[in-house]
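Chemist: Below, each chain spelled out in residue letters.
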Amino acid sequence: MTKEKTIQITIDNKTIDARPNQTILQAAREYQIYIPSLCAMEHLSSYGACRLCVVEVDGLRGFPTSCTTPVEEGMVIRTDTAEVKGLRQEVLKLLLSEHPASCLFCTEQDECKQYMGTIRKVGATTGCRYCPNDHRCELQQIAENIGLTETSYPVYYRNFPVEKYDPFYDRDYNLCILCGRCVRVCNNVRLNGTLSFKQRGRVTTIGPAFDRSHIDAGCEFCGACVTACPTGALSVKVSKWYGRPEGQVATTCNYCSAGCRLILQTTKTDVIDALPDYDSAVEHGIICVKGRFGITEYVHSPLRYGTPKEMTPAGYNDISWEEAIAKAAGKLSGLKPDDCLIVVSPQLLTEDLFVAQQFIRQVTGSEEVASSFIFDLDGDAASFINLALASEPFETIEKAQGILAVGFDSTYGYSPIGVKAKQAAQAGASLMSLNSFESNLDLLSKIAFVVNSSRWADVLDLTMSRMSKGKAEKRFADLVEMWGSDLNKTCETFSCSSHNVLIVGPGIIDSPDRGKILRSIERMKNEYSWKVVVAHQYTNLAGMFAMGACPGIKPGEMIKEASADKAVVLKAELIHIDLRKKRKLIYLIGDASFDSLPECEFLIYQNALPPQCSRQPDLILPVSLFTEASGTVISAEGRVLQVKEAVAPYMDSKPDWWILKSIAEKMGKGKMKFNDVSSIQGEIKKIIKGFPAVKKRIEFKEIEVKGNVKTHGKGKPAAWKSSYRGIPLGEVVSGIKVIELKGG
Amino acid sequence: MPEVIEVIFEKYQRKPDQLIPILQNVQREFGYITPESVKHISRYLRISENQIFGVSSFYAQFRFTAPGRHSVKACLGTACHVRGGATLLEMLERELGISCGETTPDRRFDLERVACLGCCALSPVVQIDADIYSRMTVNKLSELLKQYE
Ligand code: SF4
Ligand code: SF4
Ligand code: FES
Numbered sequence: 089m090t091k092e093k094t095i096q097i098t099i100d101n102k103t104i105d106a107r108p109n110q111t112i113l114q115a116a117r118e119y120q121i122y123i124p125s126l127c128a129m130e131h132l133s134s135y136g137a138c139r140l141c142v143v144e145v146d147g148l149r150g151f152p153t154s155c156t157t158p159v160e161e162g163m164v165i166r167t168d169t170a171e172v173k174g175l176r177q178e179v180l181k182l183l184l185s186e187h188p189a190s191c192l193f194c195t196e197q198d199e200c201k202q203y204m205g206t207i208r209k210v211g212a213t214t215g216c217r218y219c220p221n222d223h224r225c226e227l228q229q230i231a232e233n234i235g236l237t238e239t240s241y242p243v244y245y246r247n248f249p250v251e252k253y254d255p256f257y258d259r260d261y262n263l264c265i266l267c268g269r270c271v272r273v274c275n276n277v278r279l280n281g282t283l284s285f286k287q288r289g290r291v292t293t294i295g296p297a298f299d300r301s302h303i304d305a306g307c308e309f310c311g312a313c314v315t316a317c318p319t320g321a322l323s324v325k326v327s328k329w330y331g332r333p334e335g336q337v338a339t340t341c342n343y344c345s346a347g348c349r350l351i352l353q354t355t356k357t358d359v360i361d362a363l364p365d366y367d368s369a370v371e372h373g374i375i376c377v378k379g380r381f382g383i384t385e386y387v388h389s390p391l392r393y394g395t396p397k398e399m400t401p402a403g404y405n406d407i408s409w410e411e412a413i414a415k416a417a418g419k420l421s422g423l424k425p426d427d428c429l430i431v432v433s434p435q436l437l438t439e440d441l442f443v444a445q446q447f448i449r450q451v452t453g454s455e456e457v458a459s460s461f462i463f464d465l466d467g468d469a470a471s472f473i474n475l476a477l478a479s480e481p482f483e484t485i486e487k488a489q490g491i492l493a494v495g496f497d498s499t500y501g502y503s504p505i506g507v508k509a510k511q512a513a514q515a516g517a518s519l520m521s522l523n524s525f526e527s528n529l530d531l532l533s534k535i536a537f538v539v540n541s542s543r544w545a546d547v548l549d550l551t552m553s554r555m556s557k558g559k560a561e562k563r564f565a566d567l568v569e570m571w572g573s574d575l576n577k578t579c580e581t582f583s584c585s586s587h588n589v590l591i592v593g594p595g596i597i598d599s600p601d602r603g604k605i606l607r608s609i610e611r612m613k614n615e616y617s618w619k620v621v622v623a624h625q626y627t628n629l630a631g632m633f634a635m636g637a638c639p640g641i642k643p644g645e646m647i648k649e650a651s652a653d654k655a656v657v658l659k660a661e662l663i664h665i666d667l668r669k670k671r672k673l674i675y676l677i678g679d680a681s682f683d684s685l686p687e688c689e690f691l692i693y694q695n696a697l698p699p700q701c702s703r704q705p706d707l708i709l710p711v712s713l714f715t716e717a718s719g720t721v722i723s724a725e726g727r728v729l730q731v732k733e734a735v736a737p738y739m740d741s742k743p744d745w746w747i748l749k750s751i752a753e754k755m756g757k758g759k760m761k762f763n764d765v766s767s768i769q770g771e772i773k774k775i776i777k778g779f780p781a782v783k784k785r786i787e788f789k790e791i792e793v794k795g796n797v798k799t800h801g802k803g804k805p806a807a808w809k810s811s812y813r814g815i816p817l818g819e820v821v822s823g824i825k826v827i828e829l830k831g832g
Numbered sequence: 087m088p089e090v091i092e093v094i095f096e097k098y099q100r101k102p103d104q105l106i107p108i109l110q111n112v113q114r115e116f117g118y119i120t121p122e123s124v125k126h127i128s129r130y131l132r133i134s135e136n137q138i139f140g141v142s143s144f145y146a147q148f149r150f151t152a153p154g155r156h157s158v159k160a161c162l163g164t165a166c167h168v169r170g171g172a173t174l175l176e177m178l179e180r181e182l183g184i185s186c187g188e189t190t191p192d193r194r195f196d197l198e199r200v201a202c203l204g205c206c207a208l209s210p211v212v213q214i215d216a217d218i219y220s221r222m223t224v225n226k227l228s229e230l231l232k233q234y235e
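If you read the sequences in order, they're chains A and B.
Here the working numbering is used: the first residue of the first sequence is 89, the next is one more, and so on.
Here the working numbering is used: the first residue of the second sequence is 87, the next is one more, and so on.
Some clues are possibly wrong.
To be verified - Simulated crosslink set (SDA-like; lysine to any residue; CA at most 20 Å straight-line):
hint, chain 1, residue 1, chain 2, residue 2
1, A, Lys534, B, Phe95
2, A, Lys783, A, Pro481
3, A, Lys534, B, Ser128
4, A, Lys534, B, Gln104
5, A, Lys761, A, Trp409
6, B, Lys101, A, Lys669
7, A, Lys809, A, Ser822
8, A, Lys669, A, Asp426
9, A, Lys577, B, Lys101
10, B, Lys125, A, Lys669
11, B, Lys125, A, Asn275
12, A, Lys577, B, Gln104
13, A, Lys534, B, Tyr130
None of these hints come from the bench; they were simulated from the model.
Let the sequences and hints guide you as you build the complete structure.
Modeler: Below you can see the structure in the form of C-alpha cells.
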C-alpha cells in the first residue's frame with residue numbers, strides 16, 4: 089500500500105494528521121475531537137443542513153460547517169470557543185422550534201435517566217415514553233452535549249398525521265428535523281429513490297410522489313432510512329416501544345445465500361431489531377427487508393414449539409426430551425435404509441449439516457440425503473448446483489461493462505447483488521433485465537424484457553447470436569420486432585466488453601422451462617465467457633455440499649484444492665429420490681416440504697414452527713433458531729461466515745445437532761460424540777483447513793452425472809416465496825405477507 | 087397522451103439535467119404535471135417518480151392539479167402582505183373551499199399565491215387570469231369573483 093499524503097492541521101491547539109480528501113469533521117472524529125453534528129453521517133455525502141457542526145477557522149470568514157469544509161494544509165480550527173458554543177445553542181433552539189421537546193426540557197430529566205419514573209399509574213416504571221426513540225435518540229444526546237436545558241422559542245407543532253398504513257415501520261414527521269439522512273441513504277446508497285423532500289420552506293415534508301403510500305411508491309422496506317434517522321420520526325413497528333436494547337450481537341442472516349451480516353439488537357430474552365453493518369465486507373450494509381424486519385416476528389412467533397410433542401388420539405401431548413429421543417430412536421431402529429426418508433434443509437448451519445449426514449449414513453445406513461432443493465430442481469439439480477457453487481463473488485458486478493439479470497429482482501431480497509448491479513449501471517455499464525414481471529432493475533436498464541419465462545432461453549440465445557453477429561432465427565422474430573434496435577446496441581457493448589456478468593435469480597427455479605434456461609446460461613458462461621453470479625434462497629447450499637450432506641457425496645469430496653481438480657462423478661440413480669414410494673418413516677430435519685413428500689406411517693418433524701399442511705407430524709422436536717445457536721454458514725460466494733447465539737434458546741428447544749446426536753447415542757449407533765459446536769468444528773477442520781476461521785473463499789469441484797436422471801414427477805415446485813426452514817416468511821411475519829400480496 | 091409525451095421527449099436529451107425543461111414543456115402542453123406524465127418522464131430520464139415529484143414540487147411554477155377555467159393569484163409580496171394580502175388569500179381559500187395550488191371541484195377557479203406581481207403601489211392586488219385588480223378588499227373581491235363563470 090502506498091502511503092497516503094497527509095496534511096497537518098490544528099484543532100483546538102492539537103496538531104493532527106488528516107488526509108487530503110477529508111472534511112474537518114471527519115478528521116476531528118478520527119482523533120476523538122467532538123463536534124456535534126446531526127445531518128452528517130458516515131457513508132453519506134455531506135449535506136450541511138443542520139448547521140450544528142459550525143467551527144471557527146483562521147482566515148475563513150464566519151463560521152463554516154465542518155462537515156462540508158475540506159481540510160487544508162496548516163488550517164487552524166477551533167471547535168469550542170464561547171462564540172461557537174453560543175451559536176450552536178441558538179441553532180439547536182431554532183431546530184427545536186419545530187420539534188416537540190417534552191422529552192428534552194423536563195425538570196425530572198436527571199431522575200428520569202436513573203429511575204424512569206412516570207406520573208401515570210402503571211405497573212412498570214417505564215419513564216414517560218413520549219416518543220419511541222426516547223433514551224436512544226441522537227437529538228436528545230446532542231441537546232445534552234450542547235448543554236441546552238431550555239428554549240426561548242415557542243414550539244410550532246406541525247400536526248402531520250402519523251403514517252401507519254405501510255408495513256414494518258411508522259412515520260411521524262412531526263418529529264422530523266429535515267436532516268435529509270433518510271433521503272440520501274434511500275437515493276444515494278440504496279439507489280432506490282422512494283424518499284425525497286417535497287415542496288419547500290415551512291411546508292417541506294418527506295415522502296414519495298403524490299402522497300402515495302411507500303408500498304405503492306416502490307419502497308423496498310430495506311429500513312435503511314429508519315437506521316439513519318437521528319430522531320423518532322421513523323420507528324420499527326414491532327420494536328418501537330422496547331426502549332434501549334441491552335446488548336447487540338453480530339451474526340449472519342440465514343434467510344438466503346447472500347450471507348449478510350446483521351447486528352442483532354437484544355434484550356435479555358428477545359431479539360428486538362436487526363441492523364445493517366456498513367463495514368461488512370460481504371454486503372456493505374446493503375441488507376434486504378427479510379433480514380432487516382423479518383427476524384423478530386419469526387423467532388418470537390407465538391406459534392413456536394417450546395417442548396417436544398407427541399401425537400395421541402386426543403391431540404398433542406407435551407413430553408420430555410428423554411421420552412422424545414427414546415421415541416424417535418425406537419421408531420428408527422430396525423428400519424431398512426429405504427424404509428425411511430430423511431429430508432435435510434439447506435438452511436441449517438454447517439455444523440448441523442455435518443452431523444445430519446453422519447446421522448443418515450451411520451444410523452440408517454442410507455445414502456439418500458434428501459433435501460427440498462432436490463425436490464424443487466428435480467432433473468435439473470446437478471446443472472443448477474454446478475452453476476450455484478461456482479458463483480462469482482458479488483464484487484465481480486462492480487467492474488462489469490455488461491450485465492444481464494435473468495429471473496432476478498432485488499425489491500424484497502438479494503439487495504447486495506441488486507444494488508451492485510444498479511451502481512454499475514449508473515457508472516455506465518449496459519444493464520439488461522429479463523423477467524416475467526417489471527423488476528426493480530428496469531428503470532436503470534438499457535432494455536427491460538418483460539416476457540414469460542418460457543421465452544427466457546430464447547432471449548438468451550438471441551443475445552448470444554447477436555453478440556456473434558449471427559443471423560436472427562425465425563423463432564426470435566417477435567422479440568426482434570419488440571426490442572430489435574435497442575438489443576443490437578446493447579449486444580454491441582456486450583461483445584466489445586471483456587467483463588460481462590450474468591446475474592441468475594431465483595425466478596429460474598420456478599420456471600417450468602428451467603432446464604432450457606440453464607443450458608443457455610451454461611453456453612453463455614462457457615462459450616461467451618460471461619461471469620455468473622447466482623442468487624438463491626438455499627442459504628447454506630455450499631455448506632451442504634462441503635459437508636457431503638447430499639446423496640453420493642462424501643464430506644469434503646467437493647472441495648476444490650487445485651484448479652486442475654476433476655469433477656466428482658455421481659451416478660444418476662443416486663440423485664433420484666423416489667417421492668412416490670410409501671415409507672415407514674419420514675424424518676424432516678428443518679424442512680417442511682410436505683407437498684413433495686410421499687405417504688408415510690410415522691412422521692418426525694424437527695423444526696421451530698408448525699407446518700402448513702394437513703398431515704400432522706407424529707413427533708415434534710423443537711429446535712432453536714439461528715438467533716439462538718452458534719455455528720457457520722457458507723455463502724453463495726464461498727465465504728465461511730459466523731453465526732452467533734444472540735439470545736438463549738426458546739424454552740426447551742435444542743440445536744439440530746444435539747437432537748441428532750442424542751438419538752444416535754440412544755440407538756447406540758454411529759460415532760457422534762459431540763458435546764458442543766466446537767467439537768463438531770474440530771471434526772470439520774479435518775476437511776476444511778483452519779475451520780471455522782477460514783479467510784479464503786471455498787471453491788467447489790463440478791458434479792458430473794453419469795446416466796439419465798429420472799424426474800421424480802411430483803409436478804413443478806411451489807411458486808417461489810421466501811421461506812426459512814420450509815415455513816414461508818409471509819405466514820409468520822405480518823409485513824412480509826403484505827408485501828408479497830402486493831407483489832402478486 | 088403517451089404519443090404527445092414522446093414528441094416532447096424528442097426535443098430533449100436523455101439526461102437528468104433536462105428534467106426542468108421537460109417539466110416546463112409538459113406543463114405547457116397539459117396545463118399541469120399529471121401522474122402519468124411523471125411516470126413517463128421517470129422512464130425516459132431513469133430517475134424515480136418520487137425524485138421527479140420532489141424536484142418539481144420545490145418550484146412554485148409547477149402544479150399537480152388540472153387548472154380551473156380562471157386562475158386566481160393572490161399577491162403576498164411585502165407590500166401586499168402589509169396591506170392585507172394574507173386576509174385576501176384566507177378569504178379566497180374560504181370562499182372557494184380550496185387551498186393554494188388546488189382547483190375547485192367544478193373547475194371554475196384555481197388558486198395560487200405569488201410573491202410579487204410588480205405593482206406594489208397598487209397593493210393589495212389580486213390577479214384573475216390576465217387582469218390585475220388593485221386596492222382589493224374582501225368585499226370587492228367577493229363581488230368580483232361572481233363575474234367569472
Ligand atoms: S425522517 Fe429522520 S432521517 Fe429523515 S429527514 Fe426527518 S429526521 Fe432526518
Ligand atoms: S439479502 Fe439474503 S442474507 Fe441479506 S438480509 Fe436479505 S435474506 Fe438476509
Ligand atoms: S453536520 Fe454539518 S451541517 Fe449538519
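Chemist: Run every hint past the structure and note whether it holds.
Modeler: Going down the list of hints, with the structure as the test:
1. Proximity of Lys534 of chain A to Phe95 of chain B is assessed by CA-CA distance (about 17 Å); at most 20 Å being required, the pair is judged to hold.
2. Only pairs whose Cα atoms come within 20 Å are accepted, and Lys783 of chain A paired with Pro481 of chain A is accepted, the gap being roughly 14 Å.
3. Restraint check for Lys534 of chain A and Ser128 of chain B: the C-alpha separation of about 14 Å stays at or below 20 Å, so the hint holds.
4. A C-alpha spacing of about 19 Å is found between Lys534 of chain A and Gln104 of chain B, which places the hinted pair at or below 20 Å, so the restraint holds.
5. Simply put, Lys761 of chain A and Trp409 of chain A have alpha-carbon atoms about 18 Å apart, close enough for the 20 Å limit, and the pair holds.
6. Proposed proximity of Lys101 of chain B and Lys669 of chain A is contradicted: the alpha carbons are some 62 Å apart, above 20 Å.
7. Straight-line distance between C-alpha atoms of Lys809 of chain A and Ser822 of chain A comes to about 14 Å, which keeps the hinted pair within the 20 Å bound.
8. Restraint check: the Cα-Cα separation between Lys669 of chain A and Asp426 of chain A comes to about 9 Å, which is no more than 20 Å; the hinted pair holds.
9. For the given pair, Lys577 of chain A sits about 18 Å from Lys101 of chain B by alpha-carbon distance, which is consistent with the 20 Å threshold.
10. Of the supplied pair hints, the one linking Lys125 of chain B and Lys669 of chain A is violated, its CA atoms being roughly 54 Å apart against a limit of 20 Å.
11. Proximity of Lys125 of chain B to Asn275 of chain A is assessed by CA-CA distance (about 18 Å); at most 20 Å being required, the pair is judged to hold.
12. Between Lys577 of chain A and Gln104 of chain B, the direct Cα distance comes to roughly 23 Å. Violation of the 20 Å bound is thereby established for this hinted pair.
13. Of the supplied pair hints, the one linking Lys534 of chain A and Tyr130 of chain B holds, its CA atoms being roughly 11 Å apart against a limit of 20 Å.
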